[in-house]
Amino acid sequence: MTVTENISLHGSYCLLKLTSLQILPDMYPGQFVQVRIEKSSTTFLRRPISIHYVDRKNNELWLLIRKIGDATRAITQYRTGDQLNLLLPLGKGFTISQRPVTADKPKLLLIGGGVGVAPLLFWGAYLKDAGFDPFFLLGARTKEELLQLEHFRKWGTVHTTTEDGSHGEKGFVTQHSILKNMRFDHLYTCGPKPMMMAVAKYAFSASIPCEVSLENTMACGIGACLCCVEDTVGGNVCVCTEGPVFNINKLKWQN
Amino acid sequence: MAELRINIGELSLRNPVTTASGTFGYGTEYADFMDIERLGGIFVKGTTLEPREGNPYPRMAETSAGMLNAVGLQNKGADYFIHSIYPGIKDLNTHIIVNVSGSSIESYVACAQKMAGLEKIPAIELNISCPNVKKGGMAFGVTPAGAAEVVRAVRKIYPKVLIVKLSPNVTDITEIARAVEAEGADAVSLINTFLGLAIDVKRRKPVLSTITGGLSGPCIKPIALRMVWQTYQAVKIPIIGLGGIASWEDAVEFLLAGASAVQIGTSNFIDPTTSLKVIHGIEAYCNEFGFRSVSELTGALMQ
Chain E
1 MTVTENISLH GSYCLLKLTS LQILPDMYPG QFVQVRIEKS STTFLRRPIS
51 IHYVDRKNNE LWLLIRKIGD ATRAITQYRT GDQLNLLLPL GKGFTISQRP
101 VTADKPKLLL IGGGVGVAPL LFWGAYLKDA GFDPFFLLGA RTKEELLQLE
151 HFRKWGTVHT TTEDGSHGEK GFVTQHSILK NMRFDHLYTC GPKPMMMAVA
201 KYAFSASIPC EVSLENTMAC GIGACLCCVE DTVGGNVCVC TEGPVFNINK
251 LKWQN
Chain P
1 MAELRINIGE LSLRNPVTTA SGTFGYGTEY ADFMDIERLG GIFVKGTTLE
51 PREGNPYPRM AETSAGMLNA VGLQNKGADY FIHSIYPGIK DLNTHIIVNV
101 SGSSIESYVA CAQKMAGLEK IPAIELNISC PNVKKGGMAF GVTPAGAAEV
151 VRAVRKIYPK VLIVKLSPNV TDITEIARAV EAEGADAVSL INTFLGLAID
201 VKRRKPVLST ITGGLSGPCI KPIALRMVWQ TYQAVKIPII GLGGIASWED
251 AVEFLLAGAS AVQIGTSNFI DPTTSLKVIH GIEAYCNEFG FRSVSELTGA
301 LMQ
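Chains E and P, in that order, are what the protein sequence lines are. Here the working numbering is used: the first residue of the first sequence is 1, the next is one more, and so on. Here the working numbering is used: the first residue of the second sequence is 1, the next is one more, and so on.
Each hint should be verified, as a subset may be incorrect.
[As the list claims (entries may be wrong)] Selected chain E positions facing chain P (Cβ under 10 Å, derived; list incomplete):
| id | residue |
| --- | --- |
| 1 | H10 |
| 2 | A71 |
| 3 | C220 |
| 4 | C228 |
| 5 | E230 |
| 6 | T241 |
If you're looking for bench data, these hints aren't it; they were derived computationally from the structure. Heads up, the beta-carbon is just placed ideally off N, CA and C, and yes, glycines get one too.
Bound conformation, chain E alone:
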């Protein structure tokens, strides 16, 4: 695919937009792509990256990247016109069983932390298009690290927490007052594992259905190598094909 834009966001983040000569295939929120990173000589395997958003009008795929190691740093070096080899779309995404009946719409809360907010934009947009009014609860260390807020606001109500109190409520997402003041029908979360486990703990205690997006280390991304397995109630399953999104009831996170 061809890079159309590489937008540098705060600090170590960037938004990469890609297009293709062909119409992009159907993609579903929560799915991911496997990126081959030829610009990094130390990177052998592809890197799994969440689908941040699909802009159908411009036939564009958006990826939100945080520079963590050589591979992600190299991805941020790609410029307009550069070619990037991607396998897509991969995995199973978020699910919704309720319908957006007009009288009493199910209240859906999408909780993201750090670069983990990435798939929630696409999911929020999908839910809004399907007639829901999603809520976002986005957490970061500082206000500068709260990413893409203007985009999230297009699709739902946005609440934030920062660890230093520079934006929204001070503290972690699981401490936000909205969790005490509102009753949600479904939670969706993506972010650092301790955060997702805290969200899952809250969901278990409040008996709210909850889906989490895992990011186990992967090789193939298509269920062939069996490297990225998660220990679930059904045994070891591939995160790349059975996930990356899992209902918390399938995980062994209860304790």
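Position chain P relative to chain E; hints supplied.
Here is chain P on its own, set in the frame of chain E:
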């Protein structure tokens, strides 16, 4: 046009390019990316008599030009394969070869016996070289006596093409190759992964849950190639070469060193169409250098 067909014992492959066990699932995982019926054969995921959960996560560590894995033969067992997987792949127009593993002589024999009953499985690859299981696996493959014992037992009950996959974690791979040849193996495939280690320096802990794992990828290719070359001089049975093949040039190197066929492994993860590119490249190479048959390449290394 060069003839690409080659023989491994009584098995005739339409070309010498196959995919390595554990890297290509049951073939169907790759059907979205390529026409898997173009392959000479598919070595499917390692199968054991009983189901195995494999090792705990983390099972994989990226390395320089390669990766370590410690999957530990996760599979649902021979009966599941027969009832739930075989029906979906048996009519593929390519050879499906099952990689058979065990934790004892008896379990190798029992699993091989079950595979012998499947009409559309013309061969098995006996895995005596998995470095990621505590019992069996590589334990049989690191001594000539151990390797001979397994092959002797399986040969008695397995009438079809018997390929034995060898471990590189030995002092002299040719001794093992000779031992399995003497017990009636139809071919050897080499090499399986090298035992390796990766450490997370921040945590001062091994990356893999099992501490050590099997190293694969382009980083092992020169060693694999050397072992194929040595083995070619030691045995008469065909050699299927593997270990870090990422391009047609790599594959041709293995053929020149003495392999009759090759397996593409870890490179399937980087480019799912590697094997197709290798087939095209070998054909073009034969045509360019005047080889009428790809089998003329085997051992054609000039010295």
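Structure-based check of all given hints:
Annotation: interface hint on H10 of chain E violated; nearest CB of chain P at approximately 25 Å, more than 10 Å. Among the interface hints, the one on A71 of chain E holds; its C-beta lies about 9 Å from the nearest C-beta in chain P, closer than the 10 Å criterion. Proximity of C220 of chain E to chain P holds as hinted, the smallest CB-CB distance being about 4 Å (cut-off 10 Å). Among the interface hints, the one on C228 of chain E holds; its C-beta lies about 7 Å from the nearest C-beta in chain P, closer than the 10 Å criterion.
Of the supplied interface hints, the one on E230 of chain E holds, with its beta-carbon coming within about 7 Å of a beta-carbon of chain P, less than 10 Å. Interface hint status for T241 of chain E: upheld, as the beta-carbon distance to the closest one in chain P is roughly 8 Å, under 10 Å.
Comparing the model with each numbered hint stated earlier shows that hint 1 is the single one that does not hold.
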